[in-house]
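Chains A and B, in that order, are what the protein sequence lines are.
With this note's numbering, the residue at position 65 of the first sequence is 62, and numbering never jumps.
With this note's numbering, the residue at position 93 of the second sequence is 90, and numbering never jumps.
Mixed in with the good hints, there may be bad ones.
Because identical chains share one entry, a pair is satisfied inside a single copy or across any pair of copies.
[To be verified] Taking lysine to any residue pairs in the SDA-like style, the calculated list, with each CA pair at most 25 angstroms apart, reads:
#1 Lys119 - Asn22
#2 Lys138 - Arg15
#3 Lys265 - Ser11
#4 Lys71 - Gly203
#5 Lys129 - Ala81
Because the hints were derived from the structure by calculation, they are not lab data.
The structure presented is a predicted model; accordingly, all values stated were derived computationally and were not measured.
Protein chains: 2
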Amino acid sequence: MIKPGFTGSPLDRSDHIRNDPEQYNALLNDWRGRVLGLDGLDPKLASEGGLHWHSMAEISAEVELILLGMDQGKPHFVPIVENAGGEMRSMAVWRALTVLPPEDAAIYGTARSLIDWHNSHKYCGRCGGTTKPFRAGWGRKCGHCNTEHFPRTDPVVIMLAEFDGKVLVGRQPRFPAGNYSALAGFLEPGESIEEAVRREIFEEAGVRCGPVRYVTSQPWPFGGSQLMIACIAEAEGMELTLDTNELEDAKWVSKEEARAALDDAPDKVFSAPPPFAIANSLLKHWAWH
Amino acid sequence: MIKPGFTGSPLDRSDHIRNDPEQYNALLNDWRGRVLGLDGLDPKLASEGGLHWHSMAEISAEVELILLGMDQGKPHFVPIVENAGGEMRSMAVWRALTVLPPEDAAIYGTARSLIDWHNSHKYCGRCGGTTKPFRAGWGRKCGHCNTEHFPRTDPVVIMLAEFDGKVLVGRQPRFPAGNYSALAGFLEPGESIEEAVRREIFEEAGVRCGPVRYVTSQPWPFGGSQLMIACIAEAEGMELTLDTNELEDAKWVSKEEARAALDDAPDKVFSAPPPFAIANSLLKHWAWH
């Protein structure tokens, strides 16, 4: 079974509490409450490994909190910290992800996506009025026109085109030297997952595809809140016409080459994405399937 | 092969033109251009069936247009009409969908989702400044802080829990009498498709589920822009505890009962969702699989 990164949070989201101000206030006054420790947007790590949690007593009453969920009777919160938006991941968070237990990475990912959403929805898109958090941090309401806004997630398709036992991997100019990954792009209004997969592969690499198989999915908390949807598409040919605004290079690789990359073998012909990226899960699924 | 509603648009979205103001201006002056006819948010129908298209000459130069895409060398646009937001579907659009060819429904769906997005993003969520369309209508830019905003789509999971050869269908109070459908809900930041499916079934019906199989997907243009992701989940039992805020009733149905509903048989025990809804495609896939 595939276990993509940022999945497997042990927290019960407890939607019913979000809608019940009385229950929520009781949780805010519960001494067992835990508040996620952050350093800017990066996770604070506990000395014994894992995320660092503050007690409620350490948190100023003015700090706006989001209820991440319940675990073993304890409410878990994260503060809505200010951020300028569109922050890319720091080296620190990247390093943290290589040591955090998967359940902790899932909690952190949820928290980071929600913080980003709050910061990018301070004003109402309909009327320009100021919005304020409600529903235990799972919404913002406009003080002017009363429109309710809810946390959003952008679907992204990420996929391998497959032809004659090989799959297509590409590299963006910003990737570390030698790194290749699955192609990816935002799904647009008015298209299905399958249509977005075919459109993106054709736009980026000039390859037409037929049937699309869904493989797995993952939330991704960098640059907002994304839902990564991993697929494999049957290509109709191997000739490439690259969109050089998107891709610096792309190539077809065999299962042996994919396995060598995933195993970090000395004779590997490319470097694979890190284990917490769904491109890694997708390539692994294909290479050993 | 499953062909969900609102898929199969013949238009080439031509992303490269959106980013090229010179090419885009040439299209705005192309006499072959076609502009989608709307009556409020509802589609105007042509007398010979299908969508009604205006020529460019019929459109005032002040109207803001979105480039839907190209077909046979002709640019296809839709005007950004004003709407108050959150409009539910009218009876007229519901009737139109029963007669529109699938390709036309797909074009209309894309247009409607984009119009809704423009109307709900007139102001910048970060700074409250006024935004203006750019990228051929596939974006809005803040005149104050320069933040670029792009059309968004909200992922929704829609699913059947399966146990012992039966699946769970439910009805919301707003459904027509006798109608049952798949359960559904918005995917939240920080969860995968599989996690959202399990959470929603448990929240709405109190049923725990294990493995989740993806079936198909569909864009849905009512109440914004949604990506419907249809799945089947393996339930661990049949006992129901309904969230009566969400569901008025739910029941387990057999393949025979699902087929009778889909065939609109006289002895049917429930009425199925309409063919252009993905719940119909999902139920069909399960009942005849």
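Here's how the hints hold up against the structure:
1. Taking the shortest alpha-carbon separations for Lys119 and Asn22, only the intra-copy value of 23 angstroms comes in at or below 25 angstroms, while the best inter-copy value is 35 angstroms.
2. In this homomeric assembly, Lys138 and Arg15 come within 25 angstroms of each other (Cα to Cα) only inside a single copy, at 14 angstroms, whereas the closest approach across copies is 33 angstroms.
3. Taking CA atoms no more than 25 angstroms apart as the test, Lys265 paired with Ser11 passes in neither setting, with 46 angstroms inside one copy and 37 angstroms between copies.
4. In this assembly of identical chains, Lys71 and Gly203 lie within 25 angstroms of each other by CA distance solely across copies; the values are 22 angstroms between and 52 angstroms within a copy.
5. Proximity of Lys129 to Ala81 under the C-alpha cut-off of 25 angstroms is found in both arrangements, the shortest distances being 18 angstroms within a copy and 21 angstroms between copies.
Figure legend: structure checked against the earlier numbered hints; the only hint not met is number 3.
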